[in-house]
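Given these sequences and hints, build the entire structure.
Chains F and P are the protein sequences, given in the same order.
When we follow the numbering used here, the leftmost residue of the first sequence carries the number 1, and every step to the right adds one.
When we follow the numbering used here, the leftmost residue of the second sequence carries the number 94, and every step to the right adds one.
Among these hints, one or two may not hold up.
[What the hints assert, rightly or not] In silico DSBU-like cross-links for lysine-lysine, where the CA-CA straight-line distance does not exceed 35 Å: (1) P:Lys357 / P:Lys104; (2) P:Lys343 / F:Lys52; (3) P:Lys357 / P:Lys377; (4) F:Lys4 / F:Lys52; (5) P:Lys110 / F:Lys19; (6) P:Lys104 / P:Lys343; (7) F:Lys4 / P:Lys110; (8) P:Lys104 / P:Lys377; (9) F:Lys4 / P:Lys104; (10) F:Lys19 / F:Lys52; (11) P:Lys408 / P:Lys357; (12) P:Lys357 / P:Lys110; (13) F:Lys47 / P:Lys377; (14) P:Lys247 / P:Lys408; (15) P:Lys104 / P:Lys247; (16) P:Lys408 / F:Lys52; (17) F:Lys52 / P:Lys110; (18) P:Lys408 / P:Lys184; (19) P:Lys343 / P:Lys110; (20) P:Lys357 / P:Lys178; (21) P:Lys247 / P:Lys343; (22) F:Lys47 / P:Lys110; (23) P:Lys408 / P:Lys104; (24) P:Lys178 / P:Lys343; (25) P:Lys104 / F:Lys19; (26) P:Lys104 / F:Lys52; (27) F:Lys47 / P:Lys408; (28) P:Lys377 / P:Lys178; (29) F:Lys52 / P:Lys377; (30) P:Lys343 / P:Lys408; (31) P:Lys377 / P:Lys110; (32) F:Lys19 / P:Lys377; (33) P:Lys178 / P:Lys408; (34) F:Lys47 / P:Lys247; (35) P:Lys357 / P:Lys184; (36) F:Lys4 / F:Lys19; (37) F:Lys19 / F:Lys47; (38) F:Lys47 / P:Lys343.
Don't read these hints as lab results, they were simulated from the structure.
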Amino acid sequence: MAIKVTLPTAFTRHTDGRKQFDSVAANLPALIADIDQTFPALGTQIKDDDGKLRRFINIYVNDEDIRFLGGETYSFQDGDEVMLIPSIAGGCF
Amino acid sequence: MNYSCTRYELKCNECGKRYGNQPLSGCPDCLAPLEIVYDLEAARGVFTREAIAAGPANIWRYAALLPIPDGFQPDLPVGFTPLVKATNLGKRIGATNLFVKNDAVCFPTLSFKDRVVSVALANAQRFGFETVGASSTGNLANSVAAQAARLGLKASILVPADLEPAKILNTQVYGARLIRIDGNYDHVNRLCTLIADEYNWGIVNVNLRPYYAEGSKTVGYEIAEQLGWRLPDNVVVPMAGGSLIRKIRKAFQELIYLGLVEDKAVRFFGAQATGCSPISTAVKQGTDYIEPQRPNTIARSLAIGNPADGPAAAKMIRDSGGWAEDVSDVEIVSGMQELAETEGIFTETAGGVTTAVTARLYAHGRISPDELTVTCITGNGLKTTDALTGYYREERAVRPRLADFDAYLRELDGTAEPELVAAGGK
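Spelled out as C-alpha cells, the structure:
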C-alpha cells in the first residue's frame, strides 16, 4: 500500500526540491512520523513547539479536507493522493 | 519581484519576521498569514483629519495608510459610499441609533470588493504581473474583471460552477477569462493556491492577499469620518473568510493611535448564514479553532466553509465583547426585503444575512436600542435576484383606462398581503 504526497513549493527547500514523494504511512500521524524520518527539516517546519501539526497547514486527501474524513483517525487507502497546503486566508464575498 | 518601501511592509503575525514587499501571503518559516504593518510614527502629521478632508471623495483620501506603492496614480474613484441613518429599519427592529454603511453602491462593481481589488491591483502592477486572478464567489470576480480591464491587465478568474448567473455574466462582460470549477469555494480557493505556486500570476486573494486585505480598512476609516470622526459603539459585519471584520478594527485602532478619534471600546458582531457558519459557531462555543463546514446556503458570497481568518476573527469578536449570529435562508430573504422596504437599499443575500442578524442582536438584547450601531451592507441585490424568485407575483396587465385602473386597485386592496417571515428575532 502506498500513498502519493504532494508538497507546496514553499516546503521544497527542505526536500531537495522534491514536490512529491511516496509513503506507506497508514494514517496522518504515521505520515508525519515518516516526514520526520525522511525530511527532518520539513518535519520541524510543519510542527509547532508542542510537536503538533501547525494550524496553518491543511491536509487534503483526494481533494477532500482530511477533517471531513475523520482527521487523524482516517486510514489512508492505497493510491490516496495527499496534499499539504498552507491555509491561505480565503476572503471572497 | 519585490519593491522596497519605508512606509509599510509584510510581517508575520506569529513569529514577527518581516519580509519587505513581495507577492507572498504566508510566512516561509512558520506558515502563518502575513500582514502589512506601517510606520505609524511617519504617518503622524500626514494622516490627519485636515489632510484627509482635502483628499478626493474616495478611498484614496486614506492612501497614506494603505499599501500603495510610491508613484502610483489612483485611477478609479472607489468607495466613500453612503453611511445612512436607518430610522425606518430601526423602527421595525427596535433600534433608535442605527446606521447602514451601504457598499451596495460601491464603485465600480457594486460591492465592497472594489476596495480590496483596487489596492491589490496597484501592487500587481508594481510587482510586474501581466495576468491577475482570483478565487471568487462572484463579487470579487466582478471587481477583478472590471478593474483589470481598466488597467490593461489580463484576468483569469476561478469560481464555483454553481454561481449565480448574474455574477458570471458580470465577470465575462469585462473580457475576463472565467473558469468554472466543479466544486465549492473551498475547492476553488485551494486550486488557486496551487496555481499561484506554479504560474506567474498575481492572484489577488492568494499571493497578493496581504495587500488586498488592507483595502478593507477603508470601510472603517469611512465609518469613523462619516460619523464626524468618532467611533460607533457596535459594528455588525458579514463574515465569509473573516477578514473584513478584523480590518475594520485595525482601521479604528490606527485612528485611535494617531489621535483622529477618541479611544473607545467598539464591540464587533459577526453575521453568517446558518448553512455556512463556522465562525459564528466558534464564537458561540468559545473555541479557538474552526471546525470546517460544507456550505449549504443561498448566501453564496459568504459560503466559505474553511475560513482561514476565522480563528482570529472569532477571538477578536469575543475579546471586543461582541457576538456572532447566523440566520436561515428564509430569514436571509426577509432581511433583504426588510432593508429594501424600509431604507430603499436593495442588497444581495449577504446583506440579507447582515440585516437579519442585526435584527436578532437587538431582539436578543445583545445590542441596546440607543447604542450607536453601524451595520455593513457589502453587496448589491441586482446580482442575486434569483434568491427572490417566486417571492413576487407577476401581476396581470391592466388596460390603459382609468376605470380598469380603479377596478384593479380595488382588486389588489382586497387581496391580503403575503405574510412575511420577520427577519431575525426568533
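Under the constraints set out in the numbered hints, which ones does this structure not fulfil?
14, 32, 34
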